[in-house]
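Start from the sequences, fold in the hints, and give me the full structure.
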Amino acid sequence: MKSGTYIKQVNRPLQFYAVLFLIVLYVPVLFLPLFSFNDSIYVKFPLKGFTFQWYIELLDREPVWAALMNSIKVGVTTSVIATGFGVFAAKAITRYSLPGRGPVVGFIMLPLVVPGIIFGVALLVLLSQLGIRLSLYTVTAGHIIVCLPFAIATMIPRFEGFDKSVEEASADLGENAWWTFWRITFPMVFPGILASLLLTFTVSFDEFIMAFFLSGSDATLPMYIWGQLRFPQAFPSILAMASIILAISFILVFLGQWINRDAHSNTFESK
Amino acid sequence: MTQDNAFISFRNVNKFFGKYQAIDDVSLDISHGEFFSLLGSSGCGKTTLLRMLAGFEAVSSGEIYIDGQPMSGVPPHHRPVNMVFQNYAIFPHLNVRDNIAYGLRKQKLSRAKRNDMVDDMLELIKLPEYGDHKATQLSGGQRQRIALARALILKPKVLLLDEPLGALDKQLREQMQLELRALQKTVGITFVFVTHDQEEALTLSDRIAVMSEGRYLQVDTPTGLYENPVSREVASFIGTMNFFDGTVTSIKDGNAVIKVDGLGEVSAPVGTMPLMAGNTVTVAIRPEKFLLTDDKPDGLQYSVKGQLNNAAYLGERSHYYVSIEGVSQPTAVSTQNRGRTKEIEAQNRPVWLSWDSAAIVVLKDV
Ligand SMILES: Nc1ncnc2c1ncn2[C@@H]1O[C@H](COP(=O)(O)OP(=O)(O)O)[C@@H](O)[C@H]1O
Ligand SMILES: [Mg+2]
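If you read the protein sequences in the order shown, they are chains H and Z. Per my numbering, the first sequence runs over residues 24 to 294. Per my numbering, the second sequence runs over residues 762 to 1127.
Rather than coming from a laboratory, the hints here were simulated on the basis of the structure. Hints are supplied without guarantee of correctness; some may be wrong.
What the hints assert, rightly or not - The calculated DSS-like cross-link candidates involving lysine-lysine, where the alpha carbons are at most 25 Å apart (straight line), are: (1) Z:LYS1050 <-> Z:LYS1066; (2) Z:LYS867 <-> H:LYS187; (3) Z:LYS916 <-> Z:LYS867; (4) Z:LYS874 <-> Z:LYS895; (5) Z:LYS918 <-> Z:LYS895; (6) Z:LYS946 <-> H:LYS187.
So, in structure tokens, the structure goes:
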């Protein structure tokens, strides 16, 4: 049975393309979990047997836990700060008619397109000039720069989705800017804030290049993985860890998208 | 020089958006407890004037006084006015009760007292059952009432309403008009009401400012605007008006004798209008001030013969269009259908139009 309208007709080539696209995108990634359950230290077909050994081995490694904690610390700090900035930047961008708004937005979004290695090197040069020692703090600083565009891009539709007369109504009913923000703006953009926290945490958690340039003696999880790649016997455990990270990243990003799904329909139409 | 009893005063208020002048030197006085309307077509600056009163826009020059206090630099949350927004601006994340109670936070009331006040408001707006509903689930008319309650619960000195009934359908709008008017009488606060609907303005208002292009053309009571418009623009904006060209032949004791194209010589009151013999003027007569008859009637001062072009039966009244020799536009005539009205007879027949001098409004030609 075909559905009625032209637009809604089933488009075979397009469906085929979509499926192909997903395969190319995700099949390589799916090799990670596949081999992480394989009972062999060599990554090659045919598969041997099923095992949880590599996951169990992971639990016993002290440095893995240390790296995980580092990544979580950096990720939480980064996501809170980047989202905090993102909220006010998005409010400024959408609420006030700034002169030269276009270039300003472009500038903020720059880290999305400038290769991370360039930002990494630039920050490294800056930090050494200033005589600041590399540490988890410097990694966090780098991550905030990387995550800010994601935070802003998540928040802007939230702000665009609600009518500014609602904030005016709050002022009209006697609340100053501070209370208006907490009683009106914040609850209305709150799903966007959650989504931004989840997304920026994920980006920070997975980030390698900045961490590579900017970390001192404490490694984040991706740095730790990189360091372990030299040891073949450790590789299956790395696969296990990568699988876990993959699963958690997926969940966080999907959760964020789901929470923020009604970004544009925040104001209601009249009946 | 504000009037003694003026509660709100605009003094030479101008407003520019960039180079565009939205408000052009407006001076207005609104008294305490008055239902005052700003009437004008879309884009004439009604919302801008209201937003300046509420404090959302700064005046470019001039001053606004509320209760004797200059308002420059006073932010919206410190002004003794509350507004009902054009789109209601209901808080979508709060339920009806919390919407209505929104402005009470600072008053530090007990929970019980606050609930009582909200209950009273829900009663007043006739939505007592709806307190726990999500505001997003309500109809346009219901949201409009919540916006009203949310403002009224704060007992403002002035309530500003920006086309609050514009989004409602005709029947609901007429019902809400009656309720608004009754409400204003009950609570006794000053209403400044914006509308582009002249019938709505006439129904509700104590006084109306007719606006055009950032200025007001006339401020008067509904009767005053309808019976004594000061210009062609006002006369044609409020109701229907027939215009005739004329020339003053003589003036005596506030009465002018005017030679009117197509109607002949008439005498009409002109008050203190600065007129001299030889001035060209516009003579205006409302459609319902004419008497339409088949034969020339006795008793009325003036009569002219014309040809009936067109007629429409509208229930309580009928409209006729009569062409008069020497008058370019057909003249509109409206009659009340009292008693049992017969079908309108054949058109294109000769008829007589009659009126007397009290029906005539003389406007200085522009
Ligand atoms: N913030 C603004 N910036 C620029 N122009 C504006 C702004 N607000 C209103 N205007 C202009 O001022 C004029 C009057 O607007 P408004 O007061 O909203 O009219 P009304 O409410 O009578 O329809 C319009 O031409 C409108 O385009
Ligand atoms: Mg308007």
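Structure-based check of each hint:
no.: 1; hint: Z:LYS1050 <-> Z:LYS1066; in the structure: 16 Å, holds
no.: 2; hint: Z:LYS867 <-> H:LYS187; in the structure: 23 Å, holds
no.: 3; hint: Z:LYS916 <-> Z:LYS867; in the structure: 14 Å, holds
no.: 4; hint: Z:LYS874 <-> Z:LYS895; in the structure: 22 Å, holds
no.: 5; hint: Z:LYS918 <-> Z:LYS895; in the structure: 29 Å, violated
no.: 6; hint: Z:LYS946 <-> H:LYS187; in the structure: 32 Å, violated
When each numbered hint is compared with the structure, violations occur for hints 5 and 6.
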